[in-house]
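Got chain A sorted already, so can you dock chain B onto it with the hints?
So the protein lines, in turn, are chains A and B.
Under my numbering, the residue at position 59 of the first sequence is numbered 59, and the numbers go up by one with no gaps.
Under my numbering, the residue at position 98 of the second sequence is numbered 1098, and the numbers go up by one with no gaps.
Hints were generated in silico from the structure; no laboratory data involved.
Check before you lean on any hint, since a few could be wrong.
Said to hold, decoys possible - What follows is a set of in silico ranges between Cβ atoms, one per label pair, in the way DEER data are often shown: (1) A:E8 x B:L1248: 40 to 50 Å; (2) B:A1155 x A:P321: 19 to 29 Å; (3) A:D167 x B:Q1263: 42 to 52 Å; (4) A:Y31 x B:Y1253: 19 to 29 Å; (5) A:E8 x B:P1105: 28 to 38 Å; (6) B:A1155 x A:E203: 52 to 62 Å; (7) A:E203 x B:M1013: 37 to 47 Å; (8) B:A1155 x A:G93: 42 to 52 Å; (9) A:Y226 x B:E1089: 46 to 56 Å.
Unchecked claim - Beyond 10 Å from chain B on every Cβ pair, some chain A residues (computed): (10) W79; (11) Q196; (12) D242; (13) P266; (14) L267; (15) K312.
Glycine included, every Cβ here is placed at the ideal spot set by N, Cα and C.
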Amino acid sequence: MPVQILKEKFTGSVQEVVLGATKEEGGTRAYTVKLGGSSTLPFLQYEGSIPNRPAIAFEIMDIKPEWGAPFEPYYGDVWNDPVAWAKKAEELGADVLYLKLAGADPELENPKSADDCAKTVKVILENTTAPLMVEGPGHPEKNNEVLQAVGEAAAGENIALGLAEKDNYRSIAAAAMMGKHCIIGRSPVDINILKQLNIMITEMGIAPNKIINDPMSSGLGYGIEYSYSIMERARWGALIGDKMMAFPVICLAGPEAWRAKESYAPLEEAGPGWGEQKPRGIMWEAMTAAALLQAGGDIFLMRHPESVKLLKKHIDDLMKPNDY
Amino acid sequence: MAFYMIGERINGMFNDIGEAVAKFDPKPIQEWAKKQDEAGAAYLDINVGPTAADRVKSMRWMCELVTEVSDTPIALDSTNYEAIEAGLEVCKPGALINSCPAERPKIERVFPMAAKYGAKIIALTMDKTGIPKSADMRVGFAMELVAAADEFGLAPDDLFIDPLILPCNVAQDHAPEVLESLRQIRMLSDPAPHTTLGLSNVSQGTPFRPLINRIYCVMAMTCGLDSAIMDVNDDNLVEAIASADMLLNNAIYCDSYAKVFRQR
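Extracted from the complex, chain A is given alone in its bound form (with noise of 0.2 Å):
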């Protein structure tokens, strides 16, 4: 006797997100990157469609990071250059470019201009190919007046402005709509406040194709079954018909698991059974990201190559179609 499959059969779905813009579609950009959309919950093939590959976004900044030592082999000659660090990022796989505008705190020394960060952001565009993120320097009033600035010098190029939070969403979403960008709408891990700000930017007049979450992650042994949590339910509510919990979502995968002591923390000063620091590294960001994969994360900001490249392969064989 066949067995029958019990398959779930849900209702909604991931809203699709495209990020970029193509010359046909008024920007620059050599492709475009579709995020979302999926019916179904993580990789179960045989009960839904996943119609886009989760995507992979490279980790950059306009002022040199303090990444440290396990980084400086990788990124060590462009980081103070990001329109290199941005060519690099895409010579070693990135489907996005994700440029955080640290630069711009009010609380460094020299902090970069609203008008700075439009250049900085309108060179990079002229020098690399694929679509593009960037997050504000995380001071309200400065992220407000730069990510206008941005919003107006990458006009057509479909990018997405970051980050709009419960307090602070008005005026990143008036410059998201004015250049025609998407936004990233960000709760501190707390699934009602994601859901109350994506009924605020909607109610602003924002498209849903344009909304993206970030729902913040927490890295692997730091309360990352929290953010596993809230995705899960997140994509659930999604899949049985509630629209305002059916954004695309972005794991912060590297810079959380390069937060734990546990991936950065040099041999001497490691824990008993740790082991060397580089692979200890790596498989700390590629496990954590692929926890988030599970959950369902749909783009996944990553810094180490090398865990790109373990996460890269990790997808191709979840995308194996699993069909009975």
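Here is chain B on its own, set in the frame of chain A:
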């Protein structure tokens, strides 16, 4: 699981609709369609009422009117199956047939019709002997209806079982029996059939209609009720349902939960 609100207002039993049906005046019918849409109705019930000279003709006319102004599926409310079929011919797929009792000749007329038009059915836990009092009898009928759905190729999702609530000032002892029926009906199959109630019935003839309606609705929801034929323009009732739906963990909480509940 979502809660399906079925708007009861386009019914010839209401004076304005009764008059409109008698005079073939489209205005009140289309106005109530829009008004119930805005309130978040998942279905719009259409009942030609007692003033229609020709129930088949009036049903078709009313369905066409509502389809013109609304994309919300229609619940065709009639005991005249020719009138229902006339409505199904002009409705979009996904309409709801209201209703069919657990009587064999009627099941054989209605269930294949639902399969043919891609419609769903409100199925009543009663037969020609009337509405039973006990939960056991109600659940027995529900079981026959679930089996009939399978027999005629309908999925449990196509069935809205109505365990029939009566006015509390006439048959108060039915209220807890209906609650117990709701608890058991969701055990009949996996996935379970939907359940519904003609909610306004429970308060018929009392001076506290909105209060009794919303309290009973929330009580019934905790027993598994996932739909009701109701006054969707009663804001307090809709907000009570939105709150219950959220507290049952069917919808993810956010500060605007009651507002988004209405946005289908």
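Here is how each hint holds up against the structure:
{"no.": "1", "hint": "A:E8 x B:L1248: 40 to 50 Å", "in the structure": "20 Å, violated"}
{"no.": "2", "hint": "B:A1155 x A:P321: 19 to 29 Å", "in the structure": "26 Å, holds"}
{"no.": "3", "hint": "A:D167 x B:Q1263: 42 to 52 Å", "in the structure": "24 Å, violated"}
{"no.": "4", "hint": "A:Y31 x B:Y1253: 19 to 29 Å", "in the structure": "39 Å, violated"}
{"no.": "5", "hint": "A:E8 x B:P1105: 28 to 38 Å", "in the structure": "36 Å, holds"}
{"no.": "6", "hint": "B:A1155 x A:E203: 52 to 62 Å", "in the structure": "36 Å, violated"}
{"no.": "7", "hint": "A:E203 x B:M1013: 37 to 47 Å", "in the structure": "38 Å, holds"}
{"no.": "8", "hint": "B:A1155 x A:G93: 42 to 52 Å", "in the structure": "45 Å, holds"}
{"no.": "9", "hint": "A:Y226 x B:E1089: 46 to 56 Å", "in the structure": "53 Å, holds"}
{"no.": "10", "hint": "W79", "in the structure": "40 Å, holds"}
{"no.": "11", "hint": "Q196", "in the structure": "4 Å, violated"}
{"no.": "12", "hint": "D242", "in the structure": "6 Å, violated"}
{"no.": "13", "hint": "P266", "in the structure": "43 Å, holds"}
{"no.": "14", "hint": "L267", "in the structure": "45 Å, holds"}
{"no.": "15", "hint": "K312", "in the structure": "32 Å, holds"}
Of the numbered hints stated above, those contradicted by the structure are hints 1, 3, 4, 6, 11 and 12, listed in ascending order.
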